[in-house]
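Visitor: Protein sequences, first through last, are from chains V and A. Taking our numbering, the leading residue of the first sequence gets 124, the next gets one more, and so forth. Taking our numbering, the leading residue of the second sequence gets 56, the next gets one more, and so forth.
These are calculated hints, taken from the structure and not from any lab test. A few of these clues could be false.
[Stated by the list, open to error] Derived list of chain V stretches under chain A, where covered just means 3 residues or more per stretch with a C-beta under 8 Å from a C-beta of chain A:
(1) 152 to 163
(2) 185 to 199
[Claimed, not checked] Below, in silico cross-link-like pairs of lysine-lysine (DSSO-like), each with a Cα-Cα straight-line distance of 27 Å or less:
(3) V/K185 <-> V/K167
(4) V/K191 <-> V/K167
(5) V/K163 <-> V/K132
(6) A/K125 <-> V/K163
(7) V/K226 <-> V/K132
(8) V/K226 <-> A/K111
(9) V/K150 <-> V/K167
(10) V/K150 <-> V/K191
(11) V/K191 <-> V/K143
(12) V/K206 <-> V/K226
(13) A/K125 <-> V/K167
(14) V/K132 <-> V/K167
(15) V/K163 <-> V/K185
(16) A/K81 <-> A/K124
(17) V/K132 <-> V/K191
(18) A/K111 <-> A/K125
(19) V/K206 <-> V/K141
(20) A/K81 <-> V/K163
(21) A/K81 <-> V/K167
(22) V/K150 <-> V/K206
(23) V/K226 <-> A/K124
(24) V/K206 <-> V/K185
(25) A/K81 <-> V/K185
(26) A/K124 <-> V/K167
(27) V/K167 <-> V/K141
(28) A/K125 <-> V/K226
(29) V/K150 <-> V/K226
(30) V/K141 <-> V/K163
(31) A/K81 <-> V/K226
Because the structure is a prediction, the values reported are computed rather than measured. The beta-carbon is built from N, C-alpha and C at its ideal position, and this holds for glycine as well.
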Amino acid sequence: GEEVAQTPKHLVRGEGQKAKLYCAPIKGHSYVFWYQQVLKNEFKFLISFQNENVFDETGMPKERFSAKCLPNSPCSLEIQATKLEDSAVYFCASSRTGGEGEKLFFGSGTQLSVL
Amino acid sequence: SQQGEEDPQALSIQEGENATMNCSYKTSINNLQWYRQNSGRGLVHLILIRSNEREKHSGRLRVTLDTSKKSSSLLITASRAADTASYFCATERGTDKLIFGTGTRLQVFP
Numbered sequence: 124g125e126e127v128a129q130t131p132k133h134l135v136r137g138e139g140q141k142a143k144l145y146c147a148p149i150k151g152h153s154y155v156f157w158y159q160q161v162l163k164n165e166f167k168f169l170i171s172f173q174n175e176n177v178f179d180e181t182g183m184p185k186e187r188f189s190a191k192c193l194p195n196s197p198c199s200l201e202i203q204a205t206k207l208e209d210s211a212v213y214f215c216a217s218s219r220t221g222g223e224g225e226k227l228f229f230g231s232g233t234q235l236s237v238l
Numbered sequence: 056s057q058q059g060e061e062d063p064q065a066l067s068i069q070e071g072e073n074a075t076m077n078c079s080y081k082t083s084i085n086n087l088q089w090y091r092q093n094s095g096r097g098l099v100h101l102i103l104i105r106s107n108e109r110e111k112h113s114g115r116l117r118v119t120l121d122t123s124k125k126s127s128s129l130l131i132t133a134s135r136a137a138d139t140a141s142y143f144c145a146t147e148r149g150t151d152k153l154i155f156g157t158g159t160r161l162q163v164f165p
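The following block holds chain V by itself, in its conformation from the complex (with noise of 0.2 Å):
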């Protein structure tokens, strides 16, 4: 497709329940990204991928969170035991090549809450 989309746009979890949110990258791209961004503030860079392959995942916590891109599925980004402070709005972004100084094109999120 033409843009980065993201379900689901609102996802609603019981703390210490499962939470998965998916995301499709745009046709052609070969890396994505995650980014968690709370309370409309700075966007804390989560994992990215090269394909299937991960490219860099200092961003994420070692505990609960994972994530996978596998050929022909949209990514996934899935925590388990969500926790109140996961509550946060879920961007991901891909980009052609990773190449500096490339522009990341972000899908319009998935809001998590935690209740």
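Please arrange chain A on chain V, whose structure you already have, making use of the hints.
Guide: Using the frame of chain V, we list chain A on its own:
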């Protein structure tokens, strides 16, 4: 913040006025990008300036970069109500990920 601090945090102006937002960062960079976020939406790329450039223009946007002070500014001239949004700077080193600043919320009143 991981990298960038922006000021002001919020800015309110009248249509037709100019809006200036500043971004400071902590480490050396290869380039700096500015993005815009409308309410409830993702970021949209506005402009990129490389570390060897000092100024760049795109339409009503003017970006400056001072690597000695590790700072950048975004100027929007002749602002419009439609410019109301949050603006974020993002820095990059090599092929590393983009690190975003804290953003400036701009409100332009008709």
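Visitor: Could you check the structure against the hints above and give me the numbers of any it violates, in ascending order?
Guide: 2, 12 and 22
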